[in-house]
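Colleague: Here is what each chain is made of, one letter per residue.
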Amino acid sequence: MRWFSLLLRGLWFRRGLTAAVLVVAVVTTATAALGPLYARAAAESTLQDALAAHGSTTGLHFQTSIDASNPANYDQAAAQVPSAASLTAFQQPIGGLYAATGAQVIVTSGPAAPVNTHLLWRAGQCDHLVIVHGRCPQAAGEALISQRTTETVDYGWALGRRLSLSDARTGTQGADGAATSTPAIVTVVGTYRPRDSAEAYWFGRTYFDARLGGGTSQGREDPDTVDTVFVSRAEFSTLAAPANTELDLDYPLRPSAVRLATAARLSAQVTRLRAQYTAQAPLILTTGLPQVLTDERAARGLLQAGTLLVTLQLGLLAWLVLFQVVADAIEARGNEIALSKLRGRSLRATMAFGLGEPLFLLAAAIPLGLGLAALVTYGFAHSLLVAGVPVIVPGASVVAAFGAFGGGVLAALLAAHRTLTRSVLDQWQQASSGAGRSRAALAVDLVLSALAIGGLLLLHGHSARPGHQQTSAALLAPGLLVFAVALLGIRLLPLGARFMVARSRTSPRIGFFLAWRQMARRPGSLRLAALLAVAVGLATFAVAGESAAGVNRTARARSELGAAQVARIQFHPGNDPVAAVRRADPGGRWAMAAATWSPAGGGSVVSTVLAVDSTRLAAVGYQAVGGPTLSSIANDLGHPAAPTVTITASSLRATITTTDLKGTPPNVQFNFRTSSRSYLNVESSALKAGTHTYTAAIPCQSGCRLRGVTWDRSIFADGEVSGTAVLSRLEQSTGAAYSDVAVDLTTAESWRAATPAGQATDTVSVSERGITDRFTSISGGYGGIGYADAPTIVPVVATPGAVVRSPGVGLPLKMLDTNGAEVAYAEVSDGDLLPAVLNSGVMADVTYLRSFLTTFDDEASWQVWLGPDAPPDALARLSAAGIVVEGVATADQRRTVLGRQGPALSLALLLAIAIAGSVLAVGGTAISLSSSSRRRSFELAALRVVGVRRGSLLRAGVTEQLLLLGSALLLGVPAGLVAALLAMPAIPEFSDATPVQLHYFPQPLPLVAFVGTFAVLLTVTAVVAGYSLLRVAAPARLREAAS
Amino acid sequence: MRLQTGLAVQTQGLGHTYHVDGEDVVALLDVQLTVGAGESVAILGPSGSGKSTLMTLLAGLRRPSSGRLYVGGDDIAQMTERELLRLRGQRVGVVVQNPSRNLLAYGTAEDNIRFAQSGAGRYRRTGLPDPDDLLAQLGLSELAGHQVGRMSGGEQQRLSVAMGMANSPGLLLADEPTSQLDSENRDRVVALLAKISLDFGTTVVAVTHDRSVAAALGRTITITAGRADDRDQQLDQYVTVTATGSVTLPEDVRNRLPPGSRLRVVRKSHGLELVADPPPSEADGA
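First to last, the sequence lines map onto chains Y and P. With the working numbering, you'll find the first sequence wraps up at 1043, consecutive numbering, no jumps. With the working numbering, you'll find the second sequence wraps up at 10286, consecutive numbering, no jumps.
Hints may be right or wrong, so weigh each one.
As the list claims (entries may be wrong) - Some chain P residues well away from chain Y (every beta-carbon gap over 10 Å; in silico):
no., residue
1, Gly10015
2, Gly10022
3, Ala10059
4, Leu10087
5, Pro10129
6, Gln10137
7, Thr10248
8, Asp10277
Claimed, not checked - The following residues of chain P were derived to be distant from chain Y, with all beta-carbon distances above 12 Å:
no., residue
9, Gly10038
10, Ser10052
11, Arg10068
12, Tyr10070
13, Glu10081
14, Gln10090
15, Gly10093
16, Arg10114
17, Gly10127
18, Gln10147
19, Ala10166
20, Pro10169
21, Ala10191
22, Leu10192
23, Lys10268
What the hints assert, rightly or not - Between beta-carbon pairs, the in silico distance windows are:
no., chain 1, residue 1, chain 2, residue 2, range
24, P, Gly10149, Y, Ala363, 52 to 62 Å
25, P, Thr10248, Y, Phe938, 21 to 31 Å
26, Y, Leu495, P, Thr10224, 29 to 39 Å
27, P, Val10266, Y, Arg2, 45 to 55 Å
28, P, Gly10149, Y, Arg949, 31 to 41 Å
29, Y, Phe13, P, Thr10248, 14 to 24 Å
30, Y, Phe938, P, Gly10149, 21 to 31 Å
31, P, Leu10263, Y, Arg15, 40 to 50 Å
32, Y, Ala363, P, Val10253, 54 to 64 Å
33, P, Thr10224, Y, Ser5, 47 to 57 Å
Just so you know, the hints here were simulated from the structure itself, not pulled from any lab data. Glycine residues also receive a C-beta, built at the ideal position from the N, C-alpha and C atoms.
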């Protein structure tokens, strides 16, 4: 072991160089190992994101129908599903009974109108509900109802109330002994609100779907629906047989239990199970997990390709630095290797002696590099990836680390070849076969440059092809470009230097002359400068590319979400979410009610409708990048309309003057929308010639919105009715004296002909006398005067393709709700891209849509958009205004998720290791300059002896290094910038396509910060190298040269 | 300590020409030298006279341009690189001017000697002296265990000489062994070289420009402008028999044979041999 001890002492003797070689070797090994390691961790992260994004879709859902009156049926069905132990990636199954299959339960409660609901028992249900009052049902006969049901006065539901479930009947025995059934009775023992209706526990089902019925004004019996009523499992046992009940056994996925290593096995297992249960009735298994995993695997390819290309480029760069540093390290041992030859040691022994130290360091770099790579990946995982992602060193990383070792050995062999094969005397004299090697290097550079340019042209040809797609291969483009620029640029540098030599020859500043002359001599360190230029170029590209990509991620997140925060909300049926938001934010600066809605079939809109409060859109929302401004959208949507008139009274009186009345007189009918009913039409007396008052009792103590006054008659009426009616006064009363309704009867824009029912024609005009309607109706049709608090044709902004126009069908286009109510609309403008709905959607004012569509409130998904200026207590203010916030999505969160997609992670990796690579290159340069300073020192020492001042020599040394390092910066930065501008459009930034307009111009601030920092680093290196050179250039050096 | 018999060196018309910037520069021209086995010779000459070139030729570090160069009877001009390595590893020890070129600065004296011995080949290495023994025999025991980097210049140079002797060579070549040394250290190095020649019978050839060093060695060959012919310089190697049968021996021989020494006259067919009786050192052999 004496040789090993000697080796260690040798390493310690050259500890500075040893540390440098070790650092470079470790970084090179880490770079190689980082690729697979990072790719693995990042892929784990994208897998987790994909699973999280699909929520309960990834779970297993077993479903069947059983007669729940027999508890054994449940147990029997539950015994048929796989055991939890065999499905380790899933949580314990959640059992549930849901009555009744395919039908709702009609619930009556005393004198109040019946309502629809569902009965539900779900294992652990109360853990996922907020019990507002009372307690969880524990036994048969107990029920838990939603808080908002109790707050809707119409139903009169309250704690302790007994509810009769007409469609859920209990078995009884009649007086004659025959089995019969009566409605089940449950007592309300508590009230709840969902903790989060989108929680995976609910498996994506709409248990909280309270909505108003269609009302009864048009003769339909359509009860309201209230939120699900929770009962105990025992409740189902009391029902009369057969109690057809939906049995659900849900296995929520545990995403953290799914890893890349197990994903394929899990997918196969689930696919097998699905096939098994498809063939084996009656249990049906539904799950989206295999598809999610398949899609995720396809998306993962982008990440792996990107990571591989990034790692290859940077690995090659690190290897080149390693080559240089190892060469310097071996060169630094030139005397010792010469001594070995002098002592007659064999070539093999000399090689072992010369390569022992670098090989030892390279071997030591394997575990250290792996550790560093794991550490860096851990840092990435901690800051960038999904929390809890494991950092596992895959076999590929170990192979890559050994590959790096092999590359290092090759570098050492190549670097050592010259030293080991030179004669002892050449080694002492540090002689080199200059011209030959220079020509060979030029040839190599030209070939490499040609290859780089060829590769670049190939990539450009691919991207220029029509219909090309972005490809990860484009990540090679910047490397190729900066490589070609660096090699050729550095080759041209001595030519420029020769010109400067001629100019500075007569200058009194000998320092500059010496520096330029050294550059013109094509020093060996030029190759190093080329390497440094490549590193700087790649780092510049990475900084520029990542800064542009970061802006694009922000743009996409904001465009997709529409606002800084979007809160999913619930509100009590009949409450006005738009008004509630306005109460929470009276100034209209930070909150806006919005809703997304998919129109029922039959209309012309084939995509999502985004309903917004156009008065607040510009202040609260984010513009979709590439689309129209929010101000212009708001301007287009916010068609001028009369202010809403809300009448809070028990009686309404209209003064109407009728002339030219022909036919059977129609009844005067007042039209409203109540706070809890969609439409309310109240009849008064028949229209009479002359001026009369028409009075009607109206159930509007809670407030009704005025819609108009119409001339109603039976649809079976025959003959024509016509005349002229002038509405001159409208008064309201709460039981005492009448007072004028606050509505302007003299403004033409506030009134229009009411939407006719059947065949009717109304001509409405406004004068000082009031509102005049010349009406004609035939065949049971009727019309009247409508209050214009919404335009008759709602303006919308639509993306291309969002609206389908049937040939031959004229304007206006229409949207329909499920109740058959329709709204006419017209595209006032179009935009390629709109907030939230992006390139496929329609935007309209929420107030106008609600005016026409009777079930819009129930059908739409409601949100509150919060702007960037929202106060910290914004959600609390919304709650205080009566809005229940279920969850909040933020643009920042979305941006984070986008930043965790494969392509983004590749760019992040490139940024990190490109900067590390450039710092490494600077370090390598410093080492090399230090190693070569001995050769240069002889010349400078001679100059000192002949009287050149120390200051001049220092200036020469520093200038020389500045020229060398500065040229790397001057070549690398523009090359990197050009590479970013050229390559970024071809490099995928997201794992899926986005219509959001992406920009590729880098952000100046990070770029300036990087270039500035790097310039300082290079300047310091140059100054230190200059001083070091001068320090060793003592006149005594010349004695050594002479020996 | 088992030492091989000193190796004789002989050159015939030895010449060497450098090619510098397309021009031929003659460094050595028709050098004729004969150094007997066990002889110690100083090659003296001014700077640029070609003495260092001659030294590198003798060490097999450079190929002669012309002539022949025999070391121990072998023409090293005809040797392959591998044979030259073996020659330096087993038969020729070399001490160059700069200690940093002779020694591993981070090793101890023993490390360096072992390092040098590793060039001797596996089989021959077993017969080489232990580093401590070598140091003791050379009177350098005080250097044992010390790291070279912490030694003085004189100590390093003496250790360099010991390194040259590590493989028990028959020929020790020393290039300016006393340059950059003060007089005390110079004397110690010179004494060491003399001791090697005297005690071990190793042929010593030292290149120097220092006349005092040359004076301490057995014979001096002057090289001037690349030319040297010791046939002209060997007159003082002849002695004249007086009428009484007495001879005056050369000074270096007298140094080896103190007054009263007995010489045995051996009659050979081609002449006579004078052999010290008893030899200067029984153990080492002469």
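Colleague: Indicate, hint by hint, whether the structure satisfies it.
Modeller: Structure-based check of all given hints:
Every C-beta of chain Y lies more than 10 Å from that of glycine 10015 (chain P), the closest at about 17 Å, which supports listing it as non-interface. At the 10 Å boundary, the C-beta of glycine 10022 (chain P) stays outside the reach of chain Y, the nearest C-beta of that chain being 12 Å off. With a least beta-carbon separation of about 8 Å from chain Y, alanine 10059 (chain P) fails to lie farther than 10 Å from that chain, contradicting its non-interface assignment. In this structure leucine 10087 (chain P) is not separated from chain Y by more than 10 Å, as the shortest Cβ-Cβ distance comes to only about 7 Å.
Every Cβ of chain Y is farther than 10 Å from the Cβ of proline 10129 (chain P); the closest lies at roughly 16 Å, confirming the non-interface assignment. Non-interface call for glutamine 10137 (chain P) relative to chain Y: holds, since the shortest CB-CB distance, roughly 19 Å, exceeds 10 Å. Threonine 10248 (chain P), annotated as away from the interface, keeps every beta carbon of chain Y farther than 10 Å; the closest lies near 40 Å. The claim that aspartate 10277 (chain P) is not at the interface with chain Y holds, since no C-beta of that chain comes within 10 Å of its own (minimum 37 Å).
Glycine 10038 (chain P), annotated as away from the interface, keeps every beta carbon of chain Y farther than 12 Å; the closest lies near 22 Å. The non-interface label for serine 10052 (chain P) is inconsistent with chain Y: the shortest C-beta to C-beta separation is roughly 9 Å, within 12 Å. Here arginine 10068 (chain P) stays apart from chain Y, with its beta-carbon at least about 21 Å from theirs, past the 12 Å limit. With a least CB separation of 19 Å from chain Y, tyrosine 10070 (chain P) remains clear of the 12 Å interface cut-off, as annotated.
In this structure glutamate 10081 (chain P) is not separated from chain Y by more than 12 Å, as the shortest Cβ-Cβ distance comes to only about 8 Å. Taking the minimum C-beta to C-beta distance to chain Y, about 7 Å, the non-interface status of glutamine 10090 (chain P) is violated against the 12 Å cut. A Cβ of chain Y approaches the Cβ of glycine 10093 (chain P) within 12 Å, the least distance being about 9 Å, so the stated non-interface status is violated. For arginine 10114 (chain P), the requirement that its beta carbon stay farther than 12 Å from each beta carbon of chain Y is not met, with the minimum near 7 Å.
Remark: the non-interface label on glycine 10127 (chain P) is consistent with the geometry, its nearest Cβ contact in chain Y lying 16 Å away (cut-off 12 Å). Some Cβ of chain Y comes within 12 Å of the Cβ of glutamine 10147 (chain P); the nearest lies about 8 Å off, and the non-interface call is violated. For alanine 10166 (chain P), the shortest C-beta to C-beta distance to chain Y comes to about 8 Å, within the 12 Å cut-off, and the non-interface label is violated. Separation of proline 10169 (chain P) from chain Y is inadequate, the least Cβ-Cβ distance of about 10 Å not exceeding the 12 Å criterion.
Against chain Y, the non-interface label of alanine 10191 (chain P) holds: every CB pair exceeds 12 Å, the least being about 23 Å. Against the 12 Å criterion, leucine 10192 (chain P) stays outside the reach of chain Y, whose nearest CB is about 19 Å from its own CB. Interface exclusion of lysine 10268 (chain P) from chain Y stands, the closest Cβ pair being 36 Å apart, more than 12 Å. Our hint of 52 to 62 Å for glycine 10149 (chain P) and alanine 363 (chain Y) is violated, since their Cβ atoms are close to 26 Å apart.
About 51 Å separates the C-beta atoms of threonine 10248 (chain P) and phenylalanine 938 (chain Y), a value inconsistent with the hinted range of 21 to 31 Å. In this structure the hint that leucine 495 (chain Y) and threonine 10224 (chain P) lie 29 to 39 Å apart at CB is violated, the actual value being about 48 Å. A beta carbon spacing of about 47 Å between valine 10266 (chain P) and arginine 2 (chain Y) agrees with the range 45 to 55 Å that was offered as a hint. At about 34 Å, the CB distance of glycine 10149 (chain P) to arginine 949 (chain Y) agrees with the hint of 31 to 41 Å.
Between phenylalanine 13 (chain Y) and threonine 10248 (chain P) the C-beta distance comes to about 54 Å, which lies outside the given range of 14 to 24 Å. The beta-carbon spacing between phenylalanine 938 (chain Y) and glycine 10149 (chain P), approximately 23 Å, falls within the hinted interval of 21 to 31 Å. Under the hint 40 to 50 Å, the C-beta atoms of leucine 10263 (chain P) and arginine 15 (chain Y), about 59 Å apart, miss the expected range. The hint said 54 to 64 Å for the Cβ distance between alanine 363 (chain Y) and valine 10253 (chain P), and at roughly 59 Å that hint holds.
As the Cβ distance of threonine 10224 (chain P) to serine 5 (chain Y) is approximately 48 Å, the hint placing it in 47 to 57 Å holds.
Violated hints, in rising order: 3, 4, 10, 13, 14, 15, 16, 18, 19, 20, 24, 25, 26, 29 and 31; the structure is consistent with all others.
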